[in-house]
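Participant: Those sequence lines, one after another, are chains A and B.
Residue 259 in our numbering sits at position 237 of the first sequence, and the numbers go up by one each step.
Residue 251 in our numbering sits at position 229 of the second sequence, and the numbers go up by one each step.
Incorrect hints may have been included.
Below 27 Å or equal to it, Euclidean Cα-Cα: the simulated DSSO-like pairs (lysine-lysine) are [claimed, not checked]:
1. K145(B) to K45(A)
2. K318(A) to K77(B)
3. K77(A) to K318(B)
Derived from the structure by calculation, the hints contain no laboratory data.
Number of protein chains: 2
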Amino acid sequence: MAVYTEVSDDELARFIAGYGLGKLLSFKGIAEGVENTNYLVHTTRGTFILTIYEKRVDVADLPFFLGLMEHLSARGVTCPLPVRDANGHVLNELAGRRAALITFLEGVWPKRPKVEHCLELGKALAQMHIAGEGFALRRANALGLTGWQPLFDKFSARTGEICPGLHELIADELHFLQRSWPQDLPQGVIHADLFPDNVFFVDDKLSGIIDFYFACDDALAYDIAICLNAWCFNAESAFEPAKGAALLDGYDSVRPLSDGERDAIPTLARGAAMRFLLTRSYDWLNTPKDALVARKDPADYIRRLTFHQSVRSIADYAPQLIA
Amino acid sequence: MAVYTEVSDDELARFIAGYGLGKLLSFKGIAEGVENTNYLVHTTRGTFILTIYEKRVDVADLPFFLGLMEHLSARGVTCPLPVRDANGHVLNELAGRRAALITFLEGVWPKRPKVEHCLELGKALAQMHIAGEGFALRRANALGLTGWQPLFDKFSARTGEICPGLHELIADELHFLQRSWPQDLPQGVIHADLFPDNVFFVDDKLSGIIDFYFACDDALAYDIAICLNAWCFNAESAFEPAKGAALLDGYDSVRPLSDGERDAIPTLARGAAMRFLLTRSYDWLNTPKDALVARKDPADYIRRLTFHQSVRSIADYAPQLIA
Chain A
23 MAVYTEVSDD ELARFIAGYG LGKLLSFKGI AEGVENTNYL VHTTRGTFIL
73 TIYEKRVDVA DLPFFLGLME HLSARGVTCP LPVRDANGHV LNELAGRRAA
123 LITFLEGVWP KRPKVEHCLE LGKALAQMHI AGEGFALRRA NALGLTGWQP
173 LFDKFSARTG EICPGLHELI ADELHFLQRS WPQDLPQGVI HADLFPDNVF
223 FVDDKLSGII DFYFACDDAL AYDIAICLNA WCFNAESAFE PAKGAALLDG
273 YDSVRPLSDG ERDAIPTLAR GAAMRFLLTR SYDWLNTPKD ALVARKDPAD
323 YIRRLTFHQS VRSIADYAPQ LIA
Chain B
23 MAVYTEVSDD ELARFIAGYG LGKLLSFKGI AEGVENTNYL VHTTRGTFIL
73 TIYEKRVDVA DLPFFLGLME HLSARGVTCP LPVRDANGHV LNELAGRRAA
123 LITFLEGVWP KRPKVEHCLE LGKALAQMHI AGEGFALRRA NALGLTGWQP
173 LFDKFSARTG EICPGLHELI ADELHFLQRS WPQDLPQGVI HADLFPDNVF
223 FVDDKLSGII DFYFACDDAL AYDIAICLNA WCFNAESAFE PAKGAALLDG
273 YDSVRPLSDG ERDAIPTLAR GAAMRFLLTR SYDWLNTPKD ALVARKDPAD
323 YIRRLTFHQS VRSIADYAPQ LIA
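Construct the complete structure from the given sequences, taking the supplied hints into account.
Facilitator: Right under this line is the structure:
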């Protein structure tokens, strides 16, 4: 939960007036998102999300994120659409920070995703990848392969505070990943953080995808690998084959996977587990226990990584997809 | 800000289904209220607030609070209306706690109230007092005159941590209040916590009054005294006569004050300042500095109390109301 920046009624009313969205009716700080401050805003013209960008977001990246939402929305992806003000700008200033107003999407994210959710997710992810083609801006994946070793170096001396053997697990795995990372896979814009809390459903139908603030250019299949980790394990971090199969099957039905992508999925899944193991470990060691933001247990990703290490081919995730 | 109790999508969908309000479209935890958890809920039938009652609220009091909102709403006060479920209940269980669904009120609370806001507030407060007549339930004011000395006893040894001289100020003032507290004033249901964040406006017109979780039976004029403290001082805790006059004038135009009430206002204002000085001091000393809930500075109420001690009659608040 997070409302880091407080906004006064007068300030907000002036801000909203610049958008031609009618009269400000109400605004409530919402307890979602850990990076930015979000307000749910009602005006006489509808419901919007006001996002105030906090220090963890690089303002130089904002045109990429907001431009991507516009690009995807124009191509039929149900994602938030940044609203342009009277001067045509999507990025403005509020309370001394950068801020944007985006359309509100109805929907509820699934706390315990079901197989049907994973099928819908797979289709929507493939549609998003196709819709991303032709987006003009570029953004490297700061949390991709080349970022992992430097991030590990920041806390490698303290892994014992999380669990014994973690240092060796990460060091060995980083060595494997550097050696084995697949090259020449189809590239494009990926979401890179498509966890269940970023995907909305109404009546088990996918109603929207939100939070593009980790989006970047990378191998499209790496986005699938992230979703395998984020959606297809149960609360005890055991893999659920029916969900993995649904995710991959849904994706493949919209954008058929190449042979190279199929072969690469197990390694990409290990890499995705590593990326979240690293950031969760770093945050675990550097977030005060009583902080506003709940710390997420890195152990969930130790178990996922160990599972992926045991996988021999994509058939272990989804038997029907054997190349 | 506060979302103490997390609710899953399935749990909430089941809960909402019991109300016949159509399909659940979305819900967002909102960062308002320090006592309870609040979610903003969209269904196909409209917008609602879901309140989950946390430990600080005595569940035995909930029928009073919810019943009062129904009573006032039926008599034209724009306050949240508890929604009855298919069985006619307003109070249910969710995530192991008591919970209620209430109607959502549009409006924005004024961070820096203006004179016009105080005039509107005075009128609405008087209307609420009149509308409260005939409400069948009773609730004593736990934070009234008899509650102050026991509350002070809980932290009187630590007043030096707030400011030197505070012990003597409170002890002497409690002595004065015990001796001088007005009796025989008109009684009724009071809001008892009508701070700006509990009063919504759209276009400087009062659009709603919320948060009845301190409401109780007491002298009606004591509610005015609370508002004098909460609305009519500037950020430096200096009294603003135009706001005091507007508040009292607005009130008197709807429910004319009796001579006894006019005479009592300065003493009631001292009592109201004492009530918030005591609770803020207690919270200041007992809330960790890094807690989720921002601590409110007791010094604001030392300055208010000192001002009220200098007041000789209601004319010092509002010259036109001299009896």
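Participant: If a hint holds in the structure, say so; if it doesn't, say that too.
Facilitator: Here is how each hint holds up against the structure:
1. K145(B) to K45(A): Given that 27 Å is the threshold and the Cα spacing comes to 24 Å, the pair holds.
2. K318(A) to K77(B): holds, 26 Å
3. K77(A) to K318(B): Given pair K77(A), K318(B) holds - Cα atoms ~26 Å apart, limit 27 Å.
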